[in-house]
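Here the protein sequences line up with chains U and F, keeping their order. The C-terminal position of the first sequence is numbered 407 in this note's numbering, with every residue numbered one higher than the one before it. The C-terminal position of the second sequence is numbered 1407 in this note's numbering, with every residue numbered one higher than the one before it.
Any given hint might turn out to be false.
[Said to hold, decoys possible] Only some residues are given here: those of chain F computed to face chain U with a beta carbon under 10 Å:
(1) L1177
(2) L1246
(3) L1248
(4) E1387
[As the list claims (entries may be wrong)] Listed next, with one range per pair, are the computed distances between beta-carbon atoms:
(5) K222(U) <-> R1058(F): 29 to 39 Å
(6) R116(U) <-> K1039(F): 15 to 25 Å
(7) Q1084(F) <-> Q328(U): 19 to 29 Å
[Stated by the list, open to error] Straight-line alpha carbon distances no greater than 27 Å define the calculated DSS-like cross-link-like pairs of lysine-lysine that follow:
(8) K1297(F) <-> K164(U)
(9) K1297(F) <-> K210(U)
(10) K1297(F) <-> K1280(F)
(11) K315(U) <-> K1111(F)
(12) K28(U) <-> K111(U)
(13) K115(U) <-> K222(U)
Source of the hints: derived by calculation from the structure; they are not laboratory data. We put the CB at the ideal spot given by N, CA and C, even for glycine.
Single-letter residue listing:
There are 2 protein chains.
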Amino acid sequence: MSSQQGFTLSGKQFEALCAAFETADVQKRGSIDVQIVPKLVQDVLGSSLAPSEKDAIRLRAESKAKKGVLYFADFVEVMSETLQTTTQWGKLTTTLSGYVGIDTLQEQMRKKALKRGFEFHIMVVGGSGLGKSTLVNTLFKAQISRRSCTNESEGTIPKTVQIKSVSHVIEEKGVRLKLTVTDTPGFGDQINNENCWLPILEFINDQYEKYLSEEVNVSRKKHIPDTRVHVCLYFISPTGHSCRPLDLEFMKRLDKVVNIVPIIAKADTLTLEERYAFKKRVREDLEFHGIQFYPMKSLDEDEEETAINQALREKMPFAIVGSDREYQVNGKSVLGRKTKWGLIEVENKNHCEFALLRDMLIRTHMQDLKDVTDSIHYENFRRERLEMHSEFAGPTPPYHEMGESNL
Amino acid sequence: MSSQQGFTLSGKQFEALCAAFETADVQKRGSIDVQIVPKLVQDVLGSSLAPSEKDAIRLRAESKAKKGVLYFADFVEVMSETLQTTTQWGKLTTTLSGYVGIDTLQEQMRKKALKRGFEFHIMVVGGSGLGKSTLVNTLFKAQISRRSCTNESEGTIPKTVQIKSVSHVIEEKGVRLKLTVTDTPGFGDQINNENCWLPILEFINDQYEKYLSEEVNVSRKKHIPDTRVHVCLYFISPTGHSCRPLDLEFMKRLDKVVNIVPIIAKADTLTLEERYAFKKRVREDLEFHGIQFYPMKSLDEDEEETAINQALREKMPFAIVGSDREYQVNGKSVLGRKTKWGLIEVENKNHCEFALLRDMLIRTHMQDLKDVTDSIHYENFRRERLEMHSEFAGPTPPYHEMGESNL
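Turn these sequences into a full structure, and let the hints steer you where they fit.
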């Protein structure tokens, strides 16, 4: 039985691999063409391999192949390495003779998460008067964000971009969420708005820095408070023309650093035709400038995710109307904006796309926004930071070269 | 509004703190006795503070107190710091005016965990013939572990302690678990068993080392494969007398390194009176030698956990009978051991304590075993390793001192 890093196959698993190999080796030469290995592995493991997984298998097979063919022992090694990266074992899954109870793991995990509660950090960026605070209050149906102009003395616009965070804990059906909202009053409000993305980038990186320094601490907290920004809502002014240079500059600078969700603010100022044309134009602008917004195509993990996210991407940027005022419609109270000529119902999908934004941010993709922040943006920050570190200080020896053991 | 590390209280939160402070300041001196602060914080946050949390609050308050009293600004700081460590905000929780949908976070998290699958690593240690393999097969109702004596040529006992791991993926109701079982044939089987715990300790530490070196890697995997040992089942021979010196030596050496669950093997050899007396004696032995077994009293997080775990601790070590043979009892098929004088039903709680062990290991505490491994045992290893590192290599500057920013 082959062993790879202490990884041993059981007799039955070994037999299943034998059988698969023999079926593939049609000419009975004791070897198989390296090209068919990804397909063969997929047959054994079931049909759910991601494209990245298939590529990894191809590379593994090619590195072990001799003259384009793979012998059985090498095939077993390719298989063993692949088995370590997934729990999708397909035909190698061990059958049970009765109920064991591992399905309770979900409930065990749920209970623990419920006890700890969740954390989420949302940032809103855009010129003043685009309804940033109102939108946050509409999203979370509470007085979360205060209009910065009522906060400042005499409602003057600050001279530089400011960063203001406020935290709330909200609770629904026993689920507690610590919600931090960061507002950026003064963004784009100056005559010269050069580098006005800089304080925002610094703030986001400061949060990563704080997390990193907790993570590398010798004595770590059991749970590192997560103050990293999980999503940045960028408010595009409903000009009806195209993105302004400042919009593009901001998103170009930050799209690799944070999950950006661009939205068209105050969409009630656009007619349906204008809205359609403006959305199309903004999408073209973003594509032309290579700006990536959340959910990123390159991060879709399987076909199911691609289908869901592609549908979202095609509807983005969402055209939004926010309101924290309630009106009565057919005896039901709805959030909306009332004018002489009608009532815009914020949560009515026929009136605006607020509900699409809310569903994505809160009900379907909140955990994914956190995961992408952790596994992509934070990891990028960390990698650059550590590479810089080793440049300054010279390479430090990896832990496993430090000594024989720490008994 | 006071700010602590960028942490800002909202107007309503501030008002609530004002009100609480004024109620506590009965003599209207503008300050409160430092002794009452933990109680006051608890009143504001609700009644669910853990003893460790209360201690932390006491320390925070004492560090800011002047002559035993705390002024309002300092109280706000104590409060702000405490709010960052918990999502239990009690009276400071923000009320919602309608359904937001944050309860979907549980389902979002569940879906992600389901896709990834779970990992669990169980180790069995004890002399040969105590039924280690049989017990694992009984626990997971599958041919997981092979008797090592049938595996070796001619069933001879190995000359030294060996470490043999085998991995399986099992699936129930869509939940996939990658289960790794590590067996230790040869443990305690020699004439001189000195240091026979050493290869086992090294194996456990090797897994921590592997995880640590992945964790500190500059380019990390999205998901670090978790090969750390989550639980070590230690098989005590049913002598009816007391623990042997080897048993105590092993557990003393390893109880700070891994979750140890001691069990009395082959309990069918003991009468009910003998079993009761032996369990009592083993518990006394463990206590006398200061051996900690899982679930550790010091890690209980709240009263609910203490109640559940204390009930378990009082029944431990579980007296076990294992069997992978099925018999028919009243038309139902049960796992058991049949003798001339009766049938021992393994899963019958009146016959032995197998069901208690299985429930704890799989159905109620599996996630906790993983969490304790991660947050206690692995963290201990990591801390010692990094302290050793800095001793050898001199202190490396913390990341946040490396430069101003990495823009």
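Going down the list of hints, with the structure as the test:
1. L1177: 5 Å, holds
2. L1246: It is violated, given that the least Cβ distance between L1246(F) and chain U is near 18 Å, above 10 Å.
3. L1248: 19 Å, violated
4. E1387: Holds. Min distance 6 Å.
5. K222(U) <-> R1058(F): 29 to 39 Å: 19 Å, violated
6. R116(U) <-> K1039(F): 15 to 25 Å: Distance hint for R116(U), K1039(F) holds at roughly 24 Å.
7. Q1084(F) <-> Q328(U): 19 to 29 Å: 41 Å, violated
8. K1297(F) <-> K164(U): Answer violated: K1297(F) to K164(U) is near 43 Å, above 27 Å.
9. K1297(F) <-> K210(U): Status violated; Cα separation ~33 Å.
10. K1297(F) <-> K1280(F): It holds: about 18 Å lies between the C-alpha atoms, which stays within 27 Å.
11. K315(U) <-> K1111(F): Satisfied, since the Cα-Cα distance of roughly 24 Å is no more than 27 Å.
12. K28(U) <-> K111(U): Given that 27 Å is the threshold and the Cα spacing comes to 54 Å, the pair is violated.
13. K115(U) <-> K222(U): 14 Å, holds
The structure does not agree with the numbered hints 2, 3, 5, 7, 8, 9, 12 stated previously, though it agrees with the rest.
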